[in-house]
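S.K.: Chains as they are written, first to last, in our numbering: chain A, 1 to 502; chain B, 1 to 502; chain C, 1 to 165; chain D, 1 to 165.
A hint or two may mislead.
[Said to hold, decoys possible] With a straight-line Cα cutoff of 25 Å, these simulated DSS-like cross-link-like pairs (lysine-lysine) come out: (1) K72/B to K27/C; (2) K131/D to K65/B; (3) K202/A to K283/A; (4) K27/D to K72/A; (5) K100/C to K120/C; (6) K20/C to K65/B; (7) K131/C to K100/C; (8) K100/C to K119/C; (9) K65/A to K20/D; (10) K65/A to K131/C; (11) K72/B to K20/C; (12) K20/D to K72/A.
[Claimed, not checked] Listing some non-contacts, in silico: residues in chain B with all C-beta distances to chain A over 10 Å: (13) E34; (14) A63; (15) K72; (16) N74; (17) D76; (18) T122; (19) P129; (20) V131; (21) A147; (22) E151; (23) A162; (24) T180; (25) Q237; (26) K255; (27) T325; (28) E449.
[Said to hold, decoys possible] Far from chain A by the CB rule (all over 10 Å, computed), these chain C residues: (29) R146; (30) I147; (31) S163.
Honestly, the hints are just simulated from the structure, not real lab data.
All residues carry an ideal CB built from backbone N, CA and C; glycine is no exception.
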Amino acid sequence: MFNKVLVANRGEIAVRIIRACRELGIDTVAVFSEADRRALHVRFADEAYLLGPAPSRESYLRADKIMDIARKANVDAIHPGYGFLAERESFSAMCEEAGIAFIGPKPSSIAAMGDKAEARATVIKAGVPVVPGTEDVGNLTDDELFAKAPEIGFPLLIKATAGGGGKGMREVTSLEEMPTLLASARREAESAFGDGNVYLEKLIIDARHIEIQILADKHGNVIHLGERECSLQRRHQKLLEEALSSALDDELRAKMGALAVKAAKSVDYVNAGTIEFLLDKNKNFYFLEMNTRLQVEHPVTEMVTGIDIVKEQLRIARGRPLSYTQDEVQFNGHAIECRVNAEDPYNNFMPSTGRITHSLLPTGPGVRVDTGVYPGFEITPFYDPMIAKLIVWGETRAQAILRMRRALEEYRIIGVRTNIPFHQTMMDSHRFMGGQYDTRFVEERFSMEDAAENRQDFSEVAAILATLVEHHETEVSSQFVQRNERDASNWRWVSRWERMHR
Amino acid sequence: MFNKVLVANRGEIAVRIIRACRELGIDTVAVFSEADRRALHVRFADEAYLLGPAPSRESYLRADKIMDIARKANVDAIHPGYGFLAERESFSAMCEEAGIAFIGPKPSSIAAMGDKAEARATVIKAGVPVVPGTEDVGNLTDDELFAKAPEIGFPLLIKATAGGGGKGMREVTSLEEMPTLLASARREAESAFGDGNVYLEKLIIDARHIEIQILADKHGNVIHLGERECSLQRRHQKLLEEALSSALDDELRAKMGALAVKAAKSVDYVNAGTIEFLLDKNKNFYFLEMNTRLQVEHPVTEMVTGIDIVKEQLRIARGRPLSYTQDEVQFNGHAIECRVNAEDPYNNFMPSTGRITHSLLPTGPGVRVDTGVYPGFEITPFYDPMIAKLIVWGETRAQAILRMRRALEEYRIIGVRTNIPFHQTMMDSHRFMGGQYDTRFVEERFSMEDAAENRQDFSEVAAILATLVEHHETEVSSQFVQRNERDASNWRWVSRWERMHR
Amino acid sequence: MKYVATVEGKDFLVDIIDEKHVSVNGKTYEIDFVTVSGQPVYSLIADGMSHESYIARGDDGWQVLLRGRLYPVVVEDEREKRLRAAAGGGIAEGGEFNLKAPMPGLVVAVPVEDGQEIKKGQVLIILESMKMQNELKSPRDGKVSRIKVKAGESVEQKQALLSVV
Amino acid sequence: MKYVATVEGKDFLVDIIDEKHVSVNGKTYEIDFVTVSGQPVYSLIADGMSHESYIARGDDGWQVLLRGRLYPVVVEDEREKRLRAAAGGGIAEGGEFNLKAPMPGLVVAVPVEDGQEIKKGQVLIILESMKMQNELKSPRDGKVSRIKVKAGESVEQKQALLSVV
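Bound conformation, chain A alone:
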């Protein structure tokens, strides 16, 4: 195995990778920005080096600095996590040149799958169905896109050529609104990826976002680990994922799995990877894109297969054959992941920043939390708002939902607003319980208020609580000056209310 691995990332995924390395006896090297000196990945790693100021461009995107650190620390391999440099062909190539294993695919595979147009062309050749669009045509001007749009038909999607994660993506329902949306899509793509090129794609209605996890080693073995259901999205950001999907049966799973393996083989893929599909109501499916890296939502697959995907990535990068054959991949139970974001679900999901002053993690049977934050940690505006992933396993989907409900109720994060109430509301939604949802569900047919109506009303309790707090604040503030003088020693530890009643 490797002796030392550099983790070129931050947050929960850096912690996740450090854990896998530690469990394999591999030393770890963390890199960090000035905003992350106290981050968990720095606390957990064996070595840690400063990259630069907080903005990603000056820190986590500085491939040159990361390579310098890798050489200085004499690492055997670099794990890029997801985001940042994970899908940069040039970074994979830099590692290759430096004689350091890149825990990811070859530069050529990233190139082939990274440019969406090329990816489409490649998989079409391999016999994989794709969504109608302009992707294969190459980069078009605004006027060319205006001309093509009616041919594809509305509604359609504008998507960033270099994109991912919903950035630079816009939905267009008519030609009139297209200019504005095109401009904003290009602007966002330019800012996110340094590349303002976009393409058009037919919008599949009532579609589910289904992705197949694959593993491919250097010996030509490629297997799939079944699918993940990722249809619950908002602004094209995934919010909640499941494995397996209630929309697939064994036959469709085998078929989509086989095509995913084919797609991966078409670019000589090596590493863990994900093939994303849209699945329509009639069980037609279309290739969307390939993610040539570890996915945020990989844990749900780990929970139902028992396979540690990060450890397999390390194994593959070391040149060893996969630990499992396709036949050995068995699915057991059901897993759900809720992405916990520092966002206020009661204020249009606005990002929330601040110091986490108190936190209680849900634990107990069948619960896993992947996070990079802890009480005392400051959530800054520099990075994405996902602060934790809450993952549960149950013997059945119904049991997993009940367990997730229990875990969400236990989870306390004080200091920043989070979208936990959104997930709680989702778990209570009848459509979610019935598995009847598609990629438009959250934005079009779900509201915090409607869903909450099914639930018990605790207005009276809220009235009592707020009144008690108001009452004691008022009472205490009038007494506070006197008390303060003779009792200032330990006010760190007890609240004013408690002190008053001692």
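Using the hints, position chains B, C and D against chain A.
M.R.: Just chains B, C and D now, kept in the frame of chain A:
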């Protein structure tokens, strides 16, 4: 299913049971002592009622008060957890009379297994081997015991008739030291159980403590869920448990499992339960006792079988048949549990009390924590010192050990001393790694110092750290008065050292 | 001490009788009310029912997060409320709207101009934070006034951005 | 500023050069030293190596818990240490031993009497706490003196129990 269950316990096991109820949609009622108003089980339950002052005798042992609350809150069932009232025949009978389901066995089964002498007599009749001793004879006087001791032969054990958990237990190597030890055993038994009766038992050398988990329903179905290895003990308190045991093979497992089922059937047992055996070097095994309740260490069995034992208990109490047949019980991977106690391993494992000011739970793949404490919670001297159970699962025993090592390293508890360093040292011990240990290992062949010698020495780093802290404390204290005047607003949030360098 | 607590338009008359008792609209509860670990997390046991809540002061009252749902609660001294009602109260509608940055970030674009007439829902500012572009919209029709930022500028949380009059 | 840090009998000469540099026995490290979340949990990065430690003041110096091992460290000003060495220092051996309650609990038994001669390791007090009976033993031979508690009494942490002279 039940609508509402009262949990007659505190700490991690109360939380564990509330979680199972919540996942089954059952309302929960917590009871608490004055010391536990802010305890996690009170925070998590739907209802909560005060029992009385902190001492157990005035709160958690007050069966009368608990029954009053159960009637008042109109519960369908009572779960006693472990300890406190879990093995009181009278409590099971009180529930029966009140028409409330007791989530445990019938009074007669508790009686049969609770008195160790009767238990021995019963299982001997069922053909289960027992350790030679005076247990079946009834309660003997000191003089009678002095007479019997040489017949059994030294070394032998004095054990409390009503006992459990190592209380009132003493090891005797010669007749001369017997009077003192007998007196202290009786004293401790009297104080712990209100019953000073003891018996003698041959001490099995190089023995392993192996226990078989069984499940028995009201329809006569009894199955076993394999064994747990519980040999790592100190002062007869278990410290670490594994499932399965490396000392058993499939054949022996089947044989011991079948005898455990037989023992349970011999008392018409209904509920989850545990049959404890001593296993000697030559694979001879002897019945020790039956625990007619949920065990502390049940999670390791849950991890390797995927069966939720608490949910099965609820199902059984409701009168439904077991969810599994013996054939459906499959073992997958390996699980280890470390009991995290508020004890100082560097000071003879003295109990430690105080407020937990900071805590970081290990999480991520394959890690489960069952706990009843959280940052801000006060550890009092009234209850037992176990504050958390850290449980890990791995595909193999080696992987489970590596994962436990990782998890222990991540676990931070500030405010009380814990035995985490003991477990870390154990994980590094070659004998533990080799699975070569028995019930005497911790006390006779293990020391924190010896084991630490295999590990890297960080004295130099410790020297730097302590010097930096000393330096800054000295420097800052001289500057503190001035700074304080213009900067007192937010001193809650930043340490003095940080503030100094802002 | 009597209060009126208003939750989503519904009034509750809450009387804090003593440390262990409150009545709500005439019904008395036995209560046990404490904070948890010195944080604004409160545990209330009322007639045996155990509730835990995170309570924060919002712009117009308390925000009570209870069992995954946010209840905005306005608490007023009963006497105060009666006086205000007698005075024929009611806050003026259609006052000036001052847009403040909801979080620190980078102004990506200001697609409106000083003096421009705008509709409710129209985008006033695009603010980037946490890698997301957030469109800050007008809560009502009006005219843009006092634009204080321009594209490319970094802003702090609560910094004034512009007004709609 | 120069210090001598003694860890289990081994001396380290630690020189705090400036905020970013220390030298130990002449070897210089580049350091980055911070506390974590306002607790006595310290993160030290020294020449790239990341260490996290819980550090508490003990009876005779610092207790540094580092990677699951406890290092007792005595830190002295170098000058101070030299002066003490010159004065032929050394703390008197065999001083009086004052037994204090290591935790709050209930005294179960006091199996010794005032004036009784005892051996090292002999049980002085049996104290019950957290459902466990703990035997408090004498660290040396001596004579029991000033017994201040009796069986059945509750004691607070650090409360004086008796002395061995």
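S.K.: Give a verdict on every hint.
M.R.: Do the hints match the structure? See the list:
1. For the proposed pair K72/B and K27/C, the alpha carbon gap of about 19 Å is at most 25 Å, so the pair holds.
2. Among the hinted pairs, K131/D with K65/B is consistent with the structure: their alpha-carbon atoms are about 22 Å apart, no more than 25 Å.
3. Simply put, K202/A and K283/A have alpha-carbon atoms about 17 Å apart, close enough for the 25 Å limit, and the pair holds.
4. Our distance criterion of 25 Å between C-alpha atoms is met by K27/D and K72/A, whose separation comes to about 19 Å.
5. For the hint linking K100/C to K120/C, the alpha-carbon distance of about 17 Å falls within 25 Å, and the restraint holds.
6. Of the supplied pair hints, the one linking K20/C and K65/B holds, its CA atoms being roughly 21 Å apart against a limit of 25 Å.
7. Restraint check: the Cα-Cα separation between K131/C and K100/C comes to about 19 Å, which is no more than 25 Å; the hinted pair holds.
8. Straight-line distance between C-alpha atoms of K100/C and K119/C comes to about 18 Å, which keeps the hinted pair within the 25 Å bound.
9. About 21 Å separates the Cα atoms of K65/A and K20/D, which keeps this hinted pair within 25 Å; it holds.
10. Of the pairs offered as hints, the one joining K65/A and K131/C holds, with about 22 Å between alpha carbons and a cut-off of 25 Å not exceeded.
11. Of the supplied pair hints, the one linking K72/B and K20/C holds, its CA atoms being roughly 19 Å apart against a limit of 25 Å.
12. Taken as a hint, the K20/D and K72/A pair is honoured in the structure, with Cα atoms around 20 Å apart against an allowance of 25 Å.
13. The beta carbon of E34/B sits about 14 Å from the closest Cβ of chain A, which is more than 10 Å, so the claim that it is off the interface holds.
14. With a least beta-carbon separation of about 27 Å from chain A, A63/B lies farther than 10 Å from that chain, consistent with its non-interface assignment.
15. The Cβ of K72/B sits about 20 Å from the closest Cβ of chain A, beyond the 10 Å cut-off, so the non-interface label holds.
16. With 10 Å as the threshold on Cβ separation, the claim that N74/B sits away from chain A holds: the shortest Cβ distance comes to roughly 18 Å.
17. In this structure D76/B is separated from chain A by more than 10 Å, as the shortest Cβ-Cβ distance comes to about 19 Å.
18. For T122/B, the condition that its CB be more than 10 Å from all CB atoms of chain A holds, with the nearest at approximately 33 Å.
19. Every CB of chain A lies more than 10 Å from the CB of P129/B, the least distance being 34 Å, so the non-interface label holds.
20. Against chain A, the non-interface label of V131/B holds: every CB pair exceeds 10 Å, the least being about 34 Å.
21. Even its closest Cβ contact with chain A, about 51 Å, leaves A147/B beyond 10 Å, as expected for a residue assigned away from the interface.
22. E151/B, annotated as away from the interface, keeps every beta carbon of chain A farther than 10 Å; the closest lies near 48 Å.
23. Non-interface call for A162/B relative to chain A: holds, since the shortest CB-CB distance, roughly 32 Å, exceeds 10 Å.
24. The beta carbon of T180/B sits about 44 Å from the closest Cβ of chain A, which is more than 10 Å, so the claim that it is off the interface holds.
25. Consistency note on Q237/B: stated as away from chain A, and its beta-carbon is indeed over 10 Å from all of that chain's, at 23 Å minimum.
26. Chain A leaves K255/B outside its interface by the beta-carbon criterion, the shortest separation being 29 Å against a cut-off of 10 Å.
27. With a least beta-carbon separation of about 16 Å from chain A, T325/B lies farther than 10 Å from that chain, consistent with its non-interface assignment.
28. With 10 Å as the threshold on Cβ separation, the claim that E449/B sits away from chain A holds: the shortest Cβ distance comes to roughly 24 Å.
29. Every C-beta of chain A lies more than 10 Å from that of R146/C, the closest at about 22 Å, which supports listing it as non-interface.
30. Interface exclusion of I147/C from chain A stands, the closest Cβ pair being 20 Å apart, more than 10 Å.
31. Under the 10 Å C-beta cut-off, the non-interface status given to S163/C relative to chain A holds; the minimum distance is some 20 Å.
In this structure, every one of the numbered hints holds.
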